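Q: Sequence:
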Amino acid sequence: MAEEKLALAAGDEGDNRPMALTGRNLNYLMGRKRVDAATLSKEIGLGIATVNAMRRGVGNPTLSTLLSLARYFGVSLTELTETDLAREQPKSGPAKTIPLIRLGEVNDFLEEKLDRVQTYTTEIESSGNATYFAVLLNNDALAPLLTPGTILIVAQGEEPCDGDIVLVRIGAHSPCLRRIFIDGDSCLFSSISPDSEVPPAVYKQYEVIAIAIKAIKPI
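Under full-length UniProt numbering, the first residue of the sequence shown is numbered 1, with each subsequent residue one higher.
Don't take each hint at face value.
What the hints assert, rightly or not - Subject to a maximum C-alpha distance of 30 Å in a straight line, what follows is the list of computed DSBU-like cross-link-like pairs (lysine-lysine):
id: 1; residue 1: Lys217; residue 2: Lys42
id: 2; residue 1: Lys214; residue 2: Lys113
id: 3; residue 1: Lys96; residue 2: Lys214
id: 4; residue 1: Lys113; residue 2: Lys217
id: 5; residue 1: Lys42; residue 2: Lys96
id: 6; residue 1: Lys42; residue 2: Lys204
id: 7; residue 1: Lys217; residue 2: Lys33
id: 8; residue 1: Lys204; residue 2: Lys113
id: 9; residue 1: Lys33; residue 2: Lys214
id: 10; residue 1: Lys214; residue 2: Lys204
id: 11; residue 1: Lys96; residue 2: Lys217
id: 12; residue 1: Lys42; residue 2: Lys214
id: 13; residue 1: Lys96; residue 2: Lys33
id: 14; residue 1: Lys96; residue 2: Lys113
Treat the hints as calculated values from the structure; they're not laboratory data.
Predicted model only: the values in this text are computed from it and were never measured.
Modelling step: build the complete structure from the supplied sequences, incorporating the hints.
A: Below, the structure written as structure tokens:
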């Protein structure tokens, strides 16, 4: 009987090992980026209880949750879930020089109407056929999550995951930043500012232009 219990305990430990590694990596990445559970919860739209459970190495996070965490910390999904990052530093993505525009210039940029476009160089882990550009936020409409001077790196050509921040065109309006929540064939968009008076809503006419993969805040 004792042998059976010991075997069962060993089997449970083996089953939990991948999640335990993910939890250790999450703690390591949070420490390196100096963010706490409350900040991480706000920035990627994940419940604090879920964040803390993952830090303890328990739970069963969805693929979209893991992808959101990997994007936020600038690591690959494999690095987050299969590599001991405390021992093996995550690989830096190759430096890329990409267009830098203001949020109000997105339409003109997409339609190639801008006479001059500034550039910005940063490390990006390329994914598939995605193309990238940087968006400079020059007002406090999205504070406190995204403060003025923040540069948002966005990727075109990637499918959004539940909870991602996306650059979206709703109807005939100018492109804006919203958090997307996916439920089957429907998508709900909510403001990323807690002080916004714009209620979450499901829209029929919208175009997701790009997905935010990295935010570089001013020092």
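Q: Taking the hints in turn, state whether each one holds.
A: Hints and how they fare:
{"no.": "1", "hint": "Lys217 to Lys42", "result": "holds (15 Å)"}
{"no.": "2", "hint": "Lys214 to Lys113", "result": "holds (26 Å)"}
{"no.": "3", "hint": "Lys96 to Lys214", "result": "holds (13 Å)"}
{"no.": "4", "hint": "Lys113 to Lys217", "result": "holds (28 Å)"}
{"no.": "5", "hint": "Lys42 to Lys96", "result": "holds (28 Å)"}
{"no.": "6", "hint": "Lys42 to Lys204", "result": "holds (27 Å)"}
{"no.": "7", "hint": "Lys217 to Lys33", "result": "holds (12 Å)"}
{"no.": "8", "hint": "Lys204 to Lys113", "result": "holds (28 Å)"}
{"no.": "9", "hint": "Lys33 to Lys214", "result": "holds (13 Å)"}
{"no.": "10", "hint": "Lys214 to Lys204", "result": "holds (28 Å)"}
{"no.": "11", "hint": "Lys96 to Lys217", "result": "holds (18 Å)"}
{"no.": "12", "hint": "Lys42 to Lys214", "result": "holds (15 Å)"}
{"no.": "13", "hint": "Lys96 to Lys33", "result": "holds (21 Å)"}
{"no.": "14", "hint": "Lys96 to Lys113", "result": "holds (23 Å)"}
Comparing the model with each earlier hint shows no violations; every hint is respected.
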